[in-house]
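Asker: Got chain A; can you put chain B on it based on the hints?
Protein chains in written order, with my numbering: chain A, 38 to 443; chain B, 38 to 443.
Any copy, or any two copies together, can satisfy a pair, since identical chains are not distinguished.
List of simulated lysine to any residue pairs, SDA-like, C-alpha gap at most 25 Å: (1) K218 with R439; (2) K331 with N310; (3) K374 with Q146; (4) K374 with D43; (5) K331 with L270; (6) K331 with A308; (7) K331 with I309; (8) K331 with G391; (9) K218 with G111; (10) K374 with Q147; (11) K374 with Q443; (12) K218 with A401; (13) K218 with G89; (14) K218 with D112; (15) K218 with A185.
Source of the hints: derived by calculation from the structure; they are not laboratory data.
There are 2 protein chains.
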Amino acid sequence: MTPMIDAARLLSRLQQLGATGRDEAGRLCRIAASDADRDGRDLLCRWLAEAGLRIEIDRIGNIHGIWQPDGATGDPVVMGSHIDTVIDAGIYDGCYGVLSGLAVIEAMQQAGLRPARPLAVVAYTNEEGVRYAPDMMGSLVAAGGLAADAALAVIGTDGTTLGAELERIGYAGPHEPGFIKPHAYVELHIEQGPILEAEGYALGAVENLQGISWQQVTIGGSANHAGTTPMTLRRDAGVAAARVLTFLDQLARQTPHAVATVGTIGFEPNAINVIPSTASFTIDLRNPDEERLKSQEAALGEFLAELEEEGFSVTTERLARFQPVIFDPRIVASIEKAAADRQLRCRRMTSGAGHDAQMIARIAPAAMIFVPSRGGISHNPAEFTADSDLIAGANILFDVARSLSQ
Amino acid sequence: MTPMIDAARLLSRLQQLGATGRDEAGRLCRIAASDADRDGRDLLCRWLAEAGLRIEIDRIGNIHGIWQPDGATGDPVVMGSHIDTVIDAGIYDGCYGVLSGLAVIEAMQQAGLRPARPLAVVAYTNEEGVRYAPDMMGSLVAAGGLAADAALAVIGTDGTTLGAELERIGYAGPHEPGFIKPHAYVELHIEQGPILEAEGYALGAVENLQGISWQQVTIGGSANHAGTTPMTLRRDAGVAAARVLTFLDQLARQTPHAVATVGTIGFEPNAINVIPSTASFTIDLRNPDEERLKSQEAALGEFLAELEEEGFSVTTERLARFQPVIFDPRIVASIEKAAADRQLRCRRMTSGAGHDAQMIARIAPAAMIFVPSRGGISHNPAEFTADSDLIAGANILFDVARSLSQ
Numbered sequence: 038m039t040p041m042i043d044a045a046r047l048l049s050r051l052q053q054l055g056a057t058g059r060d061e062a063g064r065l066c067r068i069a070a071s072d073a074d075r076d077g078r079d080l081l082c083r084w085l086a087e088a089g090l091r092i093e094i095d096r097i098g099n100i101h102g103i104w105q106p107d108g109a110t111g112d113p114v115v116m117g118s119h120i121d122t123v124i125d126a127g128i129y130d131g132c133y134g135v136l137s138g139l140a141v142i143e144a145m146q147q148a149g150l151r152p153a154r155p156l157a158v159v160a161y162t163n164e165e166g167v168r169y170a171p172d173m174m175g176s177l178v179a180a181g182g183l184a185a186d187a188a189l190a191v192i193g194t195d196g197t198t199l200g201a202e203l204e205r206i207g208y209a210g211p212h213e214p215g216f217i218k219p220h221a222y223v224e225l226h227i228e229q230g231p232i233l234e235a236e237g238y239a240l241g242a243v244e245n246l247q248g249i250s251w252q253q254v255t256i257g258g259s260a261n262h263a264g265t266t267p268m269t270l271r272r273d274a275g276v277a278a279a280r281v282l283t284f285l286d287q288l289a290r291q292t293p294h295a296v297a298t299v300g301t302i303g304f305e306p307n308a309i310n311v312i313p314s315t316a317s318f319t320i321d322l323r324n325p326d327e328e329r330l331k332s333q334e335a336a337l338g339e340f341l342a343e344l345e346e347e348g349f350s351v352t353t354e355r356l357a358r359f360q361p362v363i364f365d366p367r368i369v370a371s372i373e374k375a376a377a378d379r380q381l382r383c384r385r386m387t388s389g390a391g392h393d394a395q396m397i398a399r400i401a402p403a404a405m406i407f408v409p410s411r412g413g414i415s416h417n418p419a420e421f422t423a424d425s426d427l428i429a430g431a432n433i434l435f436d437v438a439r440s441l442s443q
Numbered sequence: 038m039t040p041m042i043d044a045a046r047l048l049s050r051l052q053q054l055g056a057t058g059r060d061e062a063g064r065l066c067r068i069a070a071s072d073a074d075r076d077g078r079d080l081l082c083r084w085l086a087e088a089g090l091r092i093e094i095d096r097i098g099n100i101h102g103i104w105q106p107d108g109a110t111g112d113p114v115v116m117g118s119h120i121d122t123v124i125d126a127g128i129y130d131g132c133y134g135v136l137s138g139l140a141v142i143e144a145m146q147q148a149g150l151r152p153a154r155p156l157a158v159v160a161y162t163n164e165e166g167v168r169y170a171p172d173m174m175g176s177l178v179a180a181g182g183l184a185a186d187a188a189l190a191v192i193g194t195d196g197t198t199l200g201a202e203l204e205r206i207g208y209a210g211p212h213e214p215g216f217i218k219p220h221a222y223v224e225l226h227i228e229q230g231p232i233l234e235a236e237g238y239a240l241g242a243v244e245n246l247q248g249i250s251w252q253q254v255t256i257g258g259s260a261n262h263a264g265t266t267p268m269t270l271r272r273d274a275g276v277a278a279a280r281v282l283t284f285l286d287q288l289a290r291q292t293p294h295a296v297a298t299v300g301t302i303g304f305e306p307n308a309i310n311v312i313p314s315t316a317s318f319t320i321d322l323r324n325p326d327e328e329r330l331k332s333q334e335a336a337l338g339e340f341l342a343e344l345e346e347e348g349f350s351v352t353t354e355r356l357a358r359f360q361p362v363i364f365d366p367r368i369v370a371s372i373e374k375a376a377a378d379r380q381l382r383c384r385r386m387t388s389g390a391g392h393d394a395q396m397i398a399r400i401a402p403a404a405m406i407f408v409p410s411r412g413g414i415s416h417n418p419a420e421f422t423a424d425s426d427l428i429a430g431a432n433i434l435f436d437v438a439r440s441l442s443q
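Bound-form chain A, shown alone:
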């Protein structure tokens, strides 16, 4: 019989961890390095210890639970994610990947398996970036993309430093981040998007992660009286902005795998009877293919240049830019094979959100497994994945980790 993870225990732990770190209003707020985060970390470490794992914490607070059975040598197969949350979070994001990694190790122990490599479960510090920027910080530092001292010195939204707060809550460990080099890294996560549910898949084999381009655009026109200025004599910054929105929407629909979002906007002077002199808005472009993302950016640039030729002023500010990440094709294939073996519908897909796996992919073969998110909702108490999907995803993680550790 195919070994299975202990479904009841995994589901129970998700609920227990989800009940830990709630504020007075009952909201789940396990913000990184807060008292609530400490409570969550304490609970996790208790479970890691109960499973007989060796707990190792590095200077940035990343928690590792390592299982090194007799005969296992070399770099470990690492599974994990994060347990810090946004404000008023759901219970699945991050926690599901960490607790499933633990469940996989426990299932291997239970089945008496003897892997050739050690296995480890990791909870990276401050994935959400709510209190300390940037997000995905613990994995970024572990991957060498940010110096540990620089990260520890980051000043939070409340004036604290991450380093002092990690000391305070007792999670400033002795190890240098990156002290563990994964043989492979697999992150199981809720999709946080609507695709799997909408298309009826149980699983996503995540083969890449979108590149992200964030810009702030400000269009300048002429404020004039809404009644006395004929259409032909207007330079309406609001209409120009609207044309950019519809252009980007159409462009994204025509560009494979592209998405485009204008999430914020404001007009000046913002009066009902005054033609807007200024329209400011943000643009969020994403594509898993760097060349296509560049072509989206270039097309936007051309459109904005046309507006300038029409007499508008246009200024753009780059807010963020990340190249796409390509995950390890062998791990992706292993996920697909495991799904096929368990007769679960699985599709290859792109992660639209950022995850710790994209950082670890810099230093080790990495990939992700997605399970459906009801309504695509996350970062919200309404975040939900059906128990059957949670269990299926953890069993696939088991199969993949078993294969990678043989």
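Answerer: Chain B only, in chain A's frame:
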């Protein structure tokens, strides 16, 4: 020789009145029924008295200066506008029409003319509506569109009532509003728009005034993650709003004499990486033709209904609706004839802004004369009309008033 108004005196009075009622920061703020407004009224009344006019004030504070030379009988030809201002106003809006009316009477006196009818100059109370709503209040009450007691009981933005404030500043007169029924009403005004300047005309013969339709529109879609939600699964309220903006802009360009403006907008939740769930914006539609304005509104309604069919929720709230006003064609023709006689370039035009003349048009033949506004700017210290244009406009007012009073 053709009689002319006293140009130097008119220009000097415009400057003197414009210097009256400035705040500590030097801003012109002759808000209705304020101390500053009282100072402006006192100055006007001094000039009316110096011209030998009979000053009559009604209960809503409208000031009339009446010239009834020997032999003049019947209803008077009334010229005027208002002298209250917005906050940080220019010096021309309103004042120009009142002071020019006085200049016309003085020029007739000077030329020894003996009109068959009396002439009057009027300054209507609270045209701007900054402190007490609605705007164009004094002329509205005079035309019977609003009961005087109701207007006097209006509570202002500062908690005062207009009636008490008029009493306080000494301008609550004894006459019932409407006690003067104009034989005709002519209002000379700066254009407050860019057309005359852009097209090189000295004068506008205003034949009508736009109807106005104001609405607040709220479009509801679905907030979802900007990275994980494919374009085909989005319900982006921001893009839907942008489509409304571009649709209205195109529609107005295709509809004769129409203008359309979206001056205010806001997205919810207004985050860079969240698809807007809600977009709220105002719509300002204007057209001098009621049927065309209705067709603009109907086309907007159809477009919004299409969005609802696509799955968006749409709510609309009517904020204001005024029908277009048609001015008296004989007075308009008289303006054109006067311009031709003085060899001034004049075009027929539509007023895009609201004016006291639209209220008086309910009870008497009325029309307006426009002079160019540099850059179309008004309600702003940068408001400017060249002296030569100011003088030309006043002389045309003279000709028209002379003709109407014969």
